[in-house]
Amino acid sequence: MKKTTAFAALAFGLASTSAFAQTELQWWHAMTGANNDVVNRLADEFNKTQNEYKVVPTFKGFYADTLNAGIAAFRAGNAPHILQVFEVGTATMMGARGAVKPVYQMMQESGEKLDPKAYLPTITGYYSTAKGEMLSFPFNSSSMVMWANRDELKKAGVADTPKTWPELFDAAKKLQAAGHQSCGFSSAWTTWAMIEQFSAWHNVPLASKANGLEGFDTELKFNSPLHVKHLETLVNLQKDKTFDYAGRDSKNEARFTSGECAIFFNSSGFYGNVKANAKFDWTAAPMPYYPDVKDAPQNSIIGGASLWVMGGKKADEYKGVAKFFAFLSDTDRQVRLHQESGYLPITKAAYEKTRASGFYEKNPVLEVPLKELTNKEPTENSRGLRLGNMVQMRDVWSEEIEAALAGQKTAKAALDAAVERGNQMLRQFERTVRTQ
Amino acid sequence: MQKRSIFGGRLLPYALLAPQLAVTLVFFYWPASQAVWQSFLLEDAFGLGSDFVWFENYQALLSQPDYYQSAVVTLLFSLAVALLSLGVALLLASQADKSLRGATTYRTLLIWPYAVAPAVAGVLWIFIFQPSLGIIGQALRRNGVDWNPLLNAHHAMLLIVLAASWKQISYNFLFFLAGLQSIPKSVIEAAAIDGARPARRFWTIVFPLLSPTIFFLIVVNIVYVFFETLGIIDTMTGGGPGKATQTLVYKAFADGRLGGDLGGSAAQSVILMIIVIALTAVQFRYVERRVTY
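Taken in order, these protein sequences are the chains called B and R. Last residue of the first sequence? That's 436 in my numbering, and every number before it is there in order. Last residue of the second sequence? That's 729 in my numbering, and every number before it is there in order.
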């Protein structure tokens, strides 16, 4: 017993002396399971390449918890250096001008190279100012894809995965006739799929001011005839479960892996889960589009999270963070990260290198989100979203969509209400940003 | 007078009270006063700047139709949970009060669900009732019930009522059992000799004598439904479908934590605080009257 204590004390003494010489950089993140290992390994590798700085990753709960932990810590005066924030928290972070250190500024001051053109524009666009200055550092990115159960499609007599919405509706009806009564097709993250991605993919505005990228005085626009038509169709299909609602988040994603729903919209980050659990021939395909919409398909937008650098730290610490970001951008490291974890590569070079190596011929599913993101040069409607209060706003939109699907409101009335209530929240956010 | 002479000075009684007072001050009065102060501010999530806006947060809140809808939902939810959990607990307690073989085992088992955290209870129930994967959910669908808590407001409400009641039954059971055991056996036996059947004995003797316990439990249950069911709602329905299961406390949580609207959320907390103070005051008056009569 005594020996162990003495040994522990010795170990502690050693640990504290080695930490004394180094500058510790706190990194709060929200990665679980295999992704948690990735985070720890990255920190470990970085710590081994040099001995001036030590990156210390800490798991802080799911995305919303991590953001809240970061906010609370900032208010208490001990924010971490690096905070992982999901894409819908972007406006919240941007609005907090005094609380964050813009990444482009930090890189410049620390003398680290940062060429915005080296990164995939659909990814960095989400996290950059209108002038193209990177505010946060993209870490894990994904997009929405259509997951398909090829065994069941074949049984139902559908030869190809559907490419357009009409083809998809047709396939869903055939699937139902072939035994999938409770679910022709379904979707996780309903608002992300049916409003946010849908708008970008069809090159129609979700909100004014380039979906909020060009100012907080943005107004929602997703009650257009195209949006209403799409929701109306879904409402009609819900009646006999050709489309069956699967909730606001991804809690019910097992409906795909269990075989119940043979077509299911979900994040490309679903890859690991499908690979581990689906006992059938599966694939992922790009989201469908309406062929009568002129510019469709345009390009999809990203999901996932980026790393924000918190404000009020010492110059020396920022130097360490800058070094760490440069380390993360390294092409070979990005290539490996992408191929092992299924995250999208953030630099063009890493994408090219993976493609040239023939990786996608063996793993075509991993290229689907990249093809969607780079399908066309992004427009005002497809660069990304930046809406304040977005986390709660998604709930408000979901409430209205649920009311329509349950038959309590027409699709038009539901979308009008979603837009109106969302606009109120945007104005509230604008007011709080202005108090700073 | 006598008490004062025991201490002989003022310092000692205050010193003895200090720890309890400190706990109350730090963990109740301080956060409560913070909430009141916050409810008059308009502030961003990071606390970088704030404006004193007087009653604007309250005005905004009370002009929202959503808020009244949440109040109605809360009322229905608390009534349903109180009735169901009290009714079932009373039934179970009156049965467990009989001399049965293994009565202690039943009692212990019945108390267990109280140890389950609300969020965990929510997850358990949602698994069982998941329409396409859960055991009961699947069974319902096979038997022609279009079970769909994701879109059907009544189904969602039923689900959270069941989960919330299930958790509270144990607590009520304990109090009812204690209440039943404190009723003098001689009174009941006398009634039995006079020829009153069990049902009559229950309604004319046991039930009236239990009424203080029942009233106490009603208040406690309502407070439970108001505040502690947050975890259940969060894991099971997230307030949906629509706003069908959004209670007042869930709305305060959603606006403050998910929406970053701290002022509005604080205003809601203050209103909730007033409701609970009122409930407690009523309870104390009533219980006091029962004691002195």
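Just so you know, the hints here were simulated from the structure itself, not pulled from any lab data. Note that the coordinates shown come from a computational prediction; the quantities given were computed from them, not determined experimentally. Don't take every hint at face value.
A partial selection of chain B residues facing chain R, derived with a Cβ cut-off under 10 Å [stated by the list, open to error]:
#  : residue
1  : Lys101
2  : Pro102
3  : Glu112
4  : Asp115
5  : Ala177
6  : Ala178
7  : Gly179
8  : Glu232
9  : Thr233
10 : Ala246
11 : Gly247
12 : Ser250
13 : Asn389
14 : Leu405
15 : Phe429
Short, incomplete list of chain R residues facing chain B, as computed with Cβ under 7 Å [claimed, not checked]:
#  : residue
16 : Phe482
17 : Gly483
18 : Leu484
19 : Gly523
20 : Ser568
21 : Ile571
22 : Ile572
23 : Pro677
24 : Lys679
25 : Gly695
For glycine and all other residues, C-beta sits at the position ideal for the given N, C-alpha and C.
Right, here's what the structure says about each hint:
A least Cβ separation of about 13 Å between Lys101 of chain B and chain R goes past the 10 Å threshold, and the interface hint is therefore violated. Restraint check, Pro102 of chain B versus chain R: the minimum CB separation of about 15 Å is more than 10 Å; hint violated. Because the closest C-beta pair between Glu112 of chain B and chain R is about 26 Å apart, greater than 10 Å, the hint is violated. Among the interface hints, the one on Asp115 of chain B is violated; its C-beta lies about 30 Å from the nearest C-beta in chain R, farther than the 10 Å criterion.
Contact between Ala177 of chain B and chain R, as hinted, is not supported at the beta carbon level, the nearest pair being about 18 Å apart and thus beyond 10 Å. For Ala178 of chain B, the interface hint is violated, since its Cβ never comes within 10 Å of a Cβ in chain R; the closest pair sits about 17 Å apart. With a cut of 10 Å, the hint placing Gly179 of chain B at the interface with chain R is violated, because the nearest CB-to-CB distance is about 14 Å. Interface restraint check: Glu232 of chain B against chain R, minimum CB-CB distance 16 Å, threshold 10 Å, status violated.
With 10 Å as the threshold, the beta carbon of Thr233 of chain B stays out of range of chain R, its nearest partner Cβ sitting at about 16 Å, so the hint is violated. For Ala246 of chain B, the suggested interface contact is upheld, since its CB lies about 7 Å from the closest CB of chain R, less than 10 Å. The interface hint given for Gly247 of chain B holds, since its Cβ lies 5 Å from the closest Cβ of chain R, which is under the 10 Å cut-off. At about 13 Å, the closest approach between the beta carbon of Ser250 of chain B and any beta carbon in chain R exceeds 10 Å, and the interface hint on this residue is violated.
For Asn389 of chain B, the suggested interface contact is upheld, since its CB lies about 5 Å from the closest CB of chain R, less than 10 Å. The interface hint given for Leu405 of chain B is met, as the beta carbon of that residue sits about 6 Å from the closest beta carbon of chain R, less than 10 Å. Among the interface hints, the one on Phe429 of chain B holds; its C-beta lies about 8 Å from the nearest C-beta in chain R, closer than the 10 Å criterion. Taken as an interface hint, Phe482 of chain R checks out: its beta carbon lies about 4 Å from the nearest beta carbon of chain B, inside 7 Å.
Here the hint on Gly483 of chain R is kept, as its CB sits about 5 Å from the closest CB of chain B, short of 7 Å. Interface hint status for Leu484 of chain R: upheld, as the beta-carbon distance to the closest one in chain B is roughly 5 Å, under 7 Å. Interface hint at Gly523 of chain R: violated, since its Cβ lies 30 Å from the closest Cβ of chain B, which is beyond the 7 Å cut-off. Hint status for Ser568 of chain R relative to chain B: holds, with the closest Cβ pair at about 5 Å, below 7 Å.
For Ile571 of chain R, the shortest C-beta to C-beta distance to chain B is roughly 14 Å, which exceeds 7 Å, and the interface hint is violated. Annotation: interface hint on Ile572 of chain R violated; nearest CB of chain B at approximately 15 Å, more than 7 Å. Taking 7 Å as the C-beta cut-off, the interface hint given for Pro677 of chain R holds, the closest approach to chain B being about 4 Å. Interface restraint check for Lys679 of chain R: the shortest CB-CB distance to chain B comes to about 6 Å, inside 7 Å, so the restraint holds.
At its closest, the beta carbon of Gly695 of chain R sits 4 Å from a beta carbon of chain B; the interface hint therefore holds under the 7 Å criterion.
Checked against the numbered hints given earlier, this structure breaks hints 1, 2, 3, 4, 5, 6, 7, 8, 9, 12, 19, 21 and 22; the rest are met.
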